[in-house]
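S.K.: Sequence:
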Amino acid sequence: MSYHRFNIYRFQTYDLSDLHLQELPAIPHISISDSQSSQYNSLQNSSIISTPYFSQPIIPLPPWRPSTRLRKLHTHFQNTILSQCICLPCAYCGILVYPTKAKWDTYDEVYLYPLEKNLQNINVYIREQDSTCRNLDANKYTEYRTLVELCAAANWLKQHNKYLKPFARLITATSLHNESYRNPFLIATHLSSDISAPSFQEGDIVLLSADFPTEIHNEDFYYTHLMAGFVQMPTTTLPLSFDNPDLEPLLFPDLFPDGNGHFFDQNTVVSENDSLKTETYGKYIKHRLLCVDSRFHLHPYWPHYSYLRLEKLRNHQNTMRLWRQKQSDKIYRPPTAAELITHSVYSGKRTIDETKTTTLPSFIRTGDTYFNEKLLHINAMIREYKLPSLFITLTAAESKWTHLKDILKSTDNKDTVPTNRPLHTALHFNHRKKEFWNHIWKKPANSNWRHLIHFFKRVEFQNRGAPHTHSVLWVEESIDEMIAENLIRSDLPNPNTEPELYQLVLAHQIHTCSPKKCGGPAPPGQVCKKKFPHRWVVPYHPATLLIWNAHMNIQYVSNKNLGKYLTKYVVKSEPSYVFNISEGDKYHEYIVARRLSSMECMYLLLGEAICTSSVQVKYLPTEPPTTQSRAIRLISTIMDDDDDPYWKDTIEKYFARPHTEEFNNITYPDYYKNYTLTTKKPSSNEIYKDDFNYYVIRRTSPLVIRYRHLKIQNGESFFYQQLLLSLPCRSESELLGNYTSYREKYLNLYPDFQNSLQYSINITANENRYLLQNQFNIIITNILENLANNVTSQIADILTKQLDCLKLTPPIFPQNAMLNLPEEQYILYNTIVSNLEPLQSKKYPYFFITGSGGVGKSYITMLIIDWIKSQNKTYLLTAPTGVAAQNVGGSTIHSALRLMQSGSGYQSLAFYDLEFKKKLQTIEILIIEEISMVSATLFNFISNLFARIHNSNIAFGGISVIVVGDLAQLPPVRDEEFYQMLEEIRLDAISDNTWKKLEEKAANYNNNQSSDTLLTTTHIVGYCETSTQINNTICNILPINNDKYLISESIDVLEVRLQQGARVMYLNNSLSEDGICNGTIGVITDLNKQHPSVQVAFCTHGAIIQKWITRETVYFYLGGQHASRTQFPLQNSFSLTVHKTQSLTLPNTSLDLSQLFAPGHAYTAISRCPKWENIQIINLDRDSFKVDPNVIKEYSRLKQIASQPLPIS
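Counting in the UniProt record's numbering, the sequence shown runs from 1 upward without gaps.
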């Protein structure tokens, strides 16, 4: 075993790709659109909301007393607005009404509420004072689903309920007492170890908040995903389908004892003109909840079952299918109707081919995607209207509101616990909130902040199930004015001069410590875990607190950190927990889902909005034609010979706008911001009609527009978006013009853009280079100081020069990289980023990036990786050797995939480590650098490995794969002549001009090299013997200190010279986790002869690692006998063979091109240095330039493939 002690010195740099466009000089038509990575979410972790500092003296303000107007409003709220007419229920539905909502009509006998039919042969007993259905076993009439003790009721149901008759033989006294009876509903429980999970409230349901898989919209989903778990017929009968019309009355015989009145029995009603009108399922649920029959809204299961079924129906009914353009190198003709329409294998009906199309994502109305869209909504409002003025939270005091208690006492089962009565509690909260907004915040005389300009509000439900609201307000009065008027207060009012406010603050605004909430109260002089003392006044608005009569929190918004606060708080997703799910005798563990309380469920069933805003925010697609999606019309509206079976999108409608002067010069966002399109003829005198016969109407108030956030790194998509948003045009061809790319046209239209951007980039890049050089000087100083008396000034100078030459600073990818890429690389980049998706139909997501050395293949790869990161995609970057992996910041193939090699081939530990296998399953994109060093056997094994992991027979399991043929770390070589020379050498097509330049370089070689040149140049030769001679020669010019000099055995050569200043290469991957691998080059800084070890400063990407290296012992068999060898895993590297330089990028090289024996060696040697002027040629022989004919043949085949469009259908 070897022992290693080390120090790591890392470089730090600015990330130029993070520069925001708004931080650059003013540039025309550059805009920042919605994204969680926009300026409002890339903020520092400073104060979220702060109050501006004012230096003027504080002027005492008079005590706050409610005005006469506010007193009257308070009385009106207490006596009228918040009081239901207990004695006057609605004559039509029976629900208790508020006086402000009541409408008094002349009595008409036609509208008498129809009485329910009397049920014969059964006696029903309901005690008025019982908490019906909320406490199980309190009223056994409501326990039809267990049917344990009510055998008489069961017998009646067997005879009279048409849905239960088929199961009559199963509903017997014996079966009812059978312990194997299955509950038809799944049961969820928290993990016992999860102490952070809140306790369950009665009526909570558990559901996934992530997007549903797109397969739920496929036709076969209805046939393969059936609802099961309840009593069924023998095994020869299929379980009932989820959309079976008999399911609801079968599950709830207590609500439909005679089998009548359920949705499928009542979904058609006769309208006034005697025509049939279908009732939607949502309206059916709402009518049942609000009707006089309280059984529906008091039922412990039916509301939640109805909500889940409604969500399923809503998601299943989203059947619009999309055809997504995936052709990146040309505009591909969308399929016609004949190519899209097929026939169902289940029903035989015409249907859209599901293999060629996809659907919109589906999610519950309060899922993660829903709140992410609301986040984009708020960001768009902030960009349009700047920062809001106020942020306000209002919390429900459901246990203290006397009006709500009176309502609960007088209705249904008289249960006064709000969580047991979610319907009336939700109705009261919503009514209270709406009336409060209308009378306080929207009335300048009561709010005292003048007019409310815009707002965004969200209703959230706490762990106890109670609702509360978060509101963001844009008001007319400035923050300075509101502060001057003391509009927001956080003090304890004077009980003598402000008695009303004092009582309200005391009741609602003071934090009280308790062991359950914060671990308090805290000892004297300390604070609880919430950082509060025993009493702390939360900021409040007096008028709001008076009328709302519950806890509130209000803050001024004075800085951009509001964006981060909104992300975290206002539109945060509902919390998720880990659950175990019981489904009959099945058990599902570790399901990540969210809880939905009965209060929130009732809120959603009533159709109340969770988030509302004062302005509509419209999303405009800006995808170029090569990646646009097309929405397919309903199958019933498509004819088989239809050439255009798609809905017109917003871009097409913009191109087809009216042909008048008003619309000729209007841009894409302004068109939809100020106009709306409709099929109905408007009543206004001014009528416009577009080319698609839509009526175009001017909006009374403009919309807020948002669109996809793109950076220059997005290539053509970015430039297309900028042109579309800024140039009035009427067709795609007009937008592109006579240019070959959108980038070319944009830079031609705005020539100052690149210069302005380049100026800002150069400033940061120069600062970065200065920073890196300064850090290097500090690192060298630290290294030399640590050596203390063990290094002479001459050795210190040699160490500094060598490390300065060999250092590998972190790669920098400036924001303007897309502007400077050559056309060929620009096309390559756009081709790949436009098609990096899982395998679909005939689309093969496999890419081979190749080209001669210095052309910038790895640079392009790094740009692609930068784009992959921006898209939050998971990728795996690998290379066959340690140094190749180190150069690109990846891992070796063997370590990344945990491969072992034996006589029978390769094996992976992925199938013995479940967590590692799951990690590999998340990989979406596999990138392999230096593919020429990967054997066909290993490449096939990797493909089969991912296919097995994904249970697929497709190569690589269908994930995207990018392989790169050569390694060139630096940006593309700007020397066109050097690039052409490499291309000719690579393909064995050396021209006379190229050979002449090689001869001139060899003729100008200076045999009398200075010591500095010898120490900073890598000499590349063909044979080990020549390399050893050159290494010994250069080591001989180094100063020798007998205490710091050692000749030892090595691995690849017989011996290695170990002395201060000698350059060495590490020869195995035992230190790969520390960043040192086979091929890493360093300089010896110290040596210990007593305990044979050397200290080496290795140059790795972004760091210099100083490490003590000891000898290693290797055991093996030799001639059938046990043998071992102890040696340093090092070799001198002033000179290296061509084989050892593969995958390296060297700053200065000296080449011996006279003794190269293998194909490709000359090309590899010349391409190690990215600059022609830094290459020296010692000897030159034409016979050394050999190329494998199979390589030329394969490149010709690949070039022909690359010239064809991608095989995407």
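Keep in mind that the hints were calculated from the coordinates and are not lab data.
All values derive from a computational prediction rather than experimental measurement.
Be aware that a few hints might be false.
Unchecked claim - List of simulated lysine-lysine pairs, PhoX-like, C-alpha gap at most 25 Å:
1. Lys673 / Lys386
2. Lys386 / Lys681
3. Lys1199 / Lys1186
4. Lys869 / Lys918
5. Lys374 / Lys689
6. Lys443 / Lys386
7. Lys349 / Lys386
8. Lys919 / Lys869
9. Lys409 / Lys442
10. Lys286 / Lys405
11. Lys1171 / Lys1186
12. Lys919 / Lys1001
13. Lys442 / Lys374
14. Lys673 / Lys374
15. Lys673 / Lys653
16. Lys386 / Lys680
17. Lys653 / Lys433
S.K.: Next step is simple, just say for each hint if it's right about the structure.
M.R.: Structure-based check of all given hints:
no., hint, result
1, Lys673 / Lys386, "holds (18 Å)"
2, Lys386 / Lys681, "violated (36 Å)"
3, Lys1199 / Lys1186, "holds (21 Å)"
4, Lys869 / Lys918, "holds (20 Å)"
5, Lys374 / Lys689, "violated (33 Å)"
6, Lys443 / Lys386, "holds (23 Å)"
7, Lys349 / Lys386, "violated (53 Å)"
8, Lys919 / Lys869, "holds (17 Å)"
9, Lys409 / Lys442, "violated (32 Å)"
10, Lys286 / Lys405, "holds (23 Å)"
11, Lys1171 / Lys1186, "holds (22 Å)"
12, Lys919 / Lys1001, "violated (52 Å)"
13, Lys442 / Lys374, "holds (23 Å)"
14, Lys673 / Lys374, "holds (19 Å)"
15, Lys673 / Lys653, "holds (14 Å)"
16, Lys386 / Lys680, "violated (35 Å)"
17, Lys653 / Lys433, "violated (40 Å)"
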